[in-house]
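As you go down the protein sequences, you meet chains A and B in turn.
Each residue of the first sequence is one higher than the last, beginning at 1255 in the numbering used here.
Each residue of the second sequence is one higher than the last, beginning at 98 in the numbering used here.
In case anyone wonders, no lab produced these hints; they're calculated from the structure.
All clues given are correct.
Some but not every residue of chain B turned toward chain A, in silico, with C-beta under 10 Å: (1) 112; (2) 121; (3) 123; (4) 161; (5) 169; (6) 192; (7) 195; (8) 284; (9) 285; (10) 286.
Below, a list of computed lysine to any residue pairs in the SDA-like style, where the Cα atoms sit at most 20 Å apart: (11) 1337(A) / 1355(A); (12) 1337(A) / 163(B); (13) 1337(A) / 204(B); (14) 1337(A) / 157(B); (15) 1337(A) / 211(B); (16) 1337(A) / 208(B).
Incomplete in silico selection of chain B near chain A, CB under 7 Å: (17) 118; (18) 119; (19) 122; (20) 162; (21) 166; (22) 196; (23) 198; (24) 279; (25) 280; (26) 287; (27) 291; (28) 294; (29) 295.
From a predicted model like this one, the values you see are computed outputs, not experimental measurements.
Glycine included, C-beta positions come from ideal geometry on N, C-alpha and C.
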Amino acid sequence: MSYLGIVLTSIFASNALLIYGFGSIPERERKGSTSLASALALACVNVIASAILWLIHSLVLAPLRLASLDILFFALIAVPIIKFIARVAQQSSIKQDSILFKLGERSDDLAVGSLVYGIALLSARSGYGLLEAVAASAAAGLGYWLSQFLLEAVRERLELSDLPTSFRGAPAMLLSAGLMALAFMGLDAALIKNLVGA
Amino acid sequence: MSYEKEGFVPNPILTGLVGICPLVVAAKSLAEGAAYGLGAAFCAFLLGLLIPPARAFLPVRLQAPASLALSAALALIYSFCLEMYSSALAAGLWIYLPLLAASGLSLVALRLSSSTSRSGPDGQSRLAVIALQSAWFLVTSACVGAARELLGLGTLTIPTPGPSLSRIAVADFAPLRILVTPAGGFILLGFLAALYRVTLRASGRKGL
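Isolated chain B (complex conformation):
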């Protein structure tokens, strides 16, 4: 695609809807959005880094199951780290922490790093694409979480370490309480995707 030649990696959430559905439920606050985005970025980047060398010494039949097991192990490592950092945050993300193993971003990283196509980007470029997509995912997830919490509850939750999270009351009212529900998450992301498309068109990037 043209954006690959330009060195531009589009936002995977707002253009490709990568990993969007779990994000709609998991990222209900700034802290949860940031923690979920960081987890997805952590798993995807390490998968991109570890799979190509692992493929060199693993038999072909074991490569796919080993990649899935590695993805699950990375999700578990991140879950344990988050549990140690803040048990409240880990409890808030609930089932979505182990599900990082099968998040859309992890699956894209798995596919990119397992690709044997010679026509596509080389290993370093693939890792750079995964890193940029991961960074986009982290930023978007944190922003979506913050917007939903701010407009839905009038607060901002800071991901502080310890058993409880610190919550800052920003407004006395919550104008769009629906945004903290999954339905509100889908609607907000729909508007953000349209806005992102307008921004891309305005900057002259067509065809996205």
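The following block holds chain A by itself, in its conformation from the complex:
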């Protein structure tokens, strides 16, 4: 598949949140998860994590037939590297409201969680080359941010609507996520392949 096809598939047809269920749906307490810094942090963390895991998986573990141990090596190698880069970004930014500081702060939160683990594992095990895996994981991060952004917009609208008490909050978000997942399922990989070419 072309790079454009890989990117579109990772954003829509293989959306990290709505199709693969990585990460979590937006909560009221989580501030700034739909900001620009968050989108950049998601893309950066996923690129770093996927590149490290791809290298470990393809160059070390697969030749030794130890590919199933990739999650352990990810926790031992990739997570500390991401956390180190995140701290360096935070310390090297002059102001606390600068985008670099926010990027570092968000990357530190993201390093431990099913979102980054899931996207990195998926890229490493999908048979992509290094550049394809990196493109797919960056796009998957953006796809996750897009679905968070849309769900956050839905949540804001739902707060103003007259919902039954039992459906307010989490149940309404889950139902919204389900309906949005249905819409994303409409853009399947075969359709994208036909649209942008093989």
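Using the hints, position chain B against chain A.
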């Protein structure tokens, strides 16, 4: 919170949405729901059991990475055990088996067992909370898997050992085929969360 004083631990999936998103995709059948729930409970409970003593002899700088490595190792051990028990079940859970290392329940167990707060529950109470949450997760995961399979395909898959799983045809029709998709999983869990909230309110537990 009030429920901690009452000794009541609410369902972590239906109230806190803990580990809900991977569950939506992984628990497509009774067998997969039970296997995924058991894996999450296994990892969370052992993390709650092993981390407090490990923290006593590990330097502070190594505690967080060691906890993550332990979580990954537990997920791997469970993956290998499940692969030996039923390769079909392990294949069905695919990437979600190693992801047990970073499931919401494991992260809650990590946070609870690494907490140094003196105002919260003590070590034994924390382990009891983790155990109860794990049990809730296992039961909910198996029930969600069974409901999705029954309504979506009209069958029930039993987690039998061996290379293939035994599937029982319960109904000739599948009234809600959408439920086996991730979208259907989100929708079913939305209705279950609302139902759980109604049940809690009816039993007089407010504020959840």
